[in-house]
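Asks: Spelled out from the first residue to the last, the chains are:
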Amino acid sequence: MRHFEETLYDAVCQQFRIDKLYFENKTDHQHLMIFHNAQLGRVMTLDGVVQTTEADEFVYHEMMTHVPMIAHGNAKRVLIIGGGDGGILREVLRHPVNHATQVEIDSAVIDMAKEHLPNHSAGAYDDERCHIIIDDGMNFVRESTDKFDIVIVDSTDPIGPGEVLFTDDFYGQAKTCLNDGGVIVTQNGVPFFQPDELQTTHRRLGNHFADANFYCAPIPTYYGGFMSFGWATDNSELRRTSVDTIRERFDALNIKCRYYNPPIHSASFALPQYMLDMLDGDT
Amino acid sequence: MTSPHVTIGSSDEMQTHWRQLASQYGSPLLVFDAKVLRRNYQELVEALPGVQLFYAVKAHPHAFIVRVIEQLGGGFDVASGGETDLLLQLKVFGRRTIHTHPIKKDAEIRTALRYGVTTFVVDSLYELEKLIPYRGRVGVLLRLSFRNLGAAVDLSRKFGCSLTEAPEIIARARELDVHIKGVSFHVGSQCADASKHVEGIETCCELMQRMNEHGGTPMNVMDIGGGFPADYNRQGVDIHKFCAPIRAALEQLPDDWDILAEPGRYLVASAVTSITTVVGKSIRDNVRWYYLDDGVYGSYSGQIYDHACYPLQVLRTGESFPSVLAGPTCDSIDVIAEGIELPELEVDDLVIGHEMGAYTAATRTRFNSLPDARLVDLGTGEIDG
Chain X
-1 MRHFEETLYD AVCQQFRIDK LYFENKTDHQ HLMIFHNAQL GRVMTLDGVV QTTEADEFVY
59 HEMMTHVPMI AHGNAKRVLI IGGGDGGILR EVLRHPVNHA TQVEIDSAVI DMAKEHLPNH
119 SAGAYDDERC HIIIDDGMNF VRESTDKFDI VIVDSTDPIG PGEVLFTDDF YGQAKTCLND
179 GGVIVTQNGV PFFQPDELQT THRRLGNHFA DANFYCAPIP TYYGGFMSFG WATDNSELRR
239 TSVDTIRERF DALNIKCRYY NPPIHSASFA LPQYMLDMLD GDT
Chain A
1081 MTSPHVTIGS SDEMQTHWRQ LASQYGSPLL VFDAKVLRRN YQELVEALPG VQLFYAVKAH
1141 PHAFIVRVIE QLGGGFDVAS GGETDLLLQL KVFGRRTIHT HPIKKDAEIR TALRYGVTTF
1201 VVDSLYELEK LIPYRGRVGV LLRLSFRNLG AAVDLSRKFG CSLTEAPEII ARARELDVHI
1261 KGVSFHVGSQ CADASKHVEG IETCCELMQR MNEHGGTPMN VMDIGGGFPA DYNRQGVDIH
1321 KFCAPIRAAL EQLPDDWDIL AEPGRYLVAS AVTSITTVVG KSIRDNVRWY YLDDGVYGSY
1381 SGQIYDHACY PLQVLRTGES FPSVLAGPTC DSIDVIAEGI ELPELEVDDL VIGHEMGAYT
1441 AATRTRFNSL PDARLVDLGT GEIDG
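Residue numbers (the working numbering), protein chains in the order written: chain X, -1 to 281; chain A, 1081 to 1465.
There may be inaccurate statements among the hints.
What the hints assert, rightly or not - In silico contact screen, one side only, chain X against chain A (beta carbon under 8 Å); selected entries: (1) Glu3; (2) Tyr7; (3) Ala9; (4) Ala36; (5) Gly39; (6) Phe191.
If you're looking for bench data, these hints aren't it; they were derived computationally from the structure.
Idealized CB from N, CA, C, for every residue including glycine.
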């Protein structure tokens, strides 16, 4: 019986049984697997790190998408950097947007996800509002003259192929893609085990935005408790949008979520004391 | 140059075997026998019960070998991004790998982390500080230096901190919140006996217990390195007997410690045999010079870099003459053996090199733009090169 052992930390690791291997790349200088686990459904791993599982992806994708979209209130154009599995795109297209651009570095990731993780995109790639661009995310934000209301950075970890998406330069360039009052959100790791990542991102986002902060959600297979999402905008009021306003907008959408709801939206900006201490210690 | 052990003549069966390989795959050729590697691995497992083996990939970084070690459940000891790349291409899980180079660039650390390595080795405060950004992820071994002038290669001159420096580095690591989980040492290559291993185990044990008394995160990993010998002089290596003093020393350690070893040479040396061909001859000053198609810039590079002297074998028998075996390059240093007595060899004769799996192909060069010897996997017939 084969097992996947996550390689993030020396002293602890989570282990998943591989019940059926659907995909394993053979050639690239990376190790991508998609397999079935009885408890978690389909699981995608890259270089020894869990990327997404069918069982808990809803927490991540709903929170990464609906928090900025509903706080903004009138997002029509959305930019997704990364997110090849299609989960973010799926959630974005539940909103009345006119346009979603997704920039993925490798078209093979999208093809592979459509085939082996079909429930993530759930047909989103066929929606005519979606525009797929195969390019390096850094390159795109540097060169593009398009403007967006929301930028969602659904990247891998900072030690890995997504490294450039955590740089000061990237955040600065991404800002040039935002309309006034726009919001950028980022995947920012599990601070309990990765405090440096929280501190570094806080500093770098703060170099470019009036409001650089975080919100949280626990994703069970991102071991270590709360995951943090970077939140950056020049409209400092967006983070304090009242729960009534959020509820009004959410009700108007008429969508059903499994993790997201208006009180969770508001509460997710309340950071546990250990995270506040990490941020305090950094300034 | 020390004189190699030379075998004159061979059984008909082996002659046919080597000739067939040379005609099928060409010469020069390296022949890998996975059965020998498996046997060596099992013997070492039995000689060092309870010790986790991490194959030193540098000894022979090749897919044929990595696959066998992986099937056997072994781990891997890597020293560079190139070596992690090889494991990544073969989809070996990173959790079975340790990074043991005491000196590394930040990019090297990141590459290793990305691959999935979380065990790193340091031997100074400078190296320790490089791990600060990754302290939430790594477990560190502190490498100690034990000079070994009796080893073929003394690996404690270039690397390792002294016993007196160790407490300062450990204390600093605790301040920095970098987890030092244990110590490592490397007594050198091709050891004559295990006395240095025993000294290392006893000294490290004393240090770890002393440091553990101070409280803090306990250290419980000891990496006893390699140094297990290959049979270059054809006198036979009884690894079980060689390891007896090590077993006795390890018996004295606390039960809950993890013991690691990094064998390379012992595992792969005898698993690879070299086949070269005489491509030219001449008689100068009554000495017969035979020019082979592989030499010290190729598979025999270990005679320069590794101070090894591989056992040789010729297939003919008969009256012996003073002879020299030289490699194919234009350089006069390219001599495999001189001052040896051989029967009269002819062009197209084969010369066999034994115990040629470790630090041979690994350190060869492309001097004179000569092609590398190909490596064939005897069991599968798979050929590389």
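Asks: Give a verdict on every hint.
Replies: Now the hints, each set against the structure:
1. Among the interface hints, the one on X/Glu3 holds; its C-beta lies about 5 Å from the nearest C-beta in chain A, closer than the 8 Å criterion.
2. Taken as an interface hint, X/Tyr7 checks out: its beta carbon lies about 5 Å from the nearest beta carbon of chain A, inside 8 Å.
3. Because the closest C-beta pair between X/Ala9 and chain A is about 6 Å apart, less than 8 Å, the hint holds.
4. Restraint check, X/Ala36 versus chain A: the minimum CB separation of about 21 Å is more than 8 Å; hint violated.
5. With a cut of 8 Å, the hint placing X/Gly39 at the interface with chain A is violated, because the nearest CB-to-CB distance is about 22 Å.
6. The interface hint given for X/Phe191 holds, since its Cβ lies 5 Å from the closest Cβ of chain A, which is under the 8 Å cut-off.
In this structure, the earlier hints numbered 4, 5 are contradicted, and the remaining ones agree with it.
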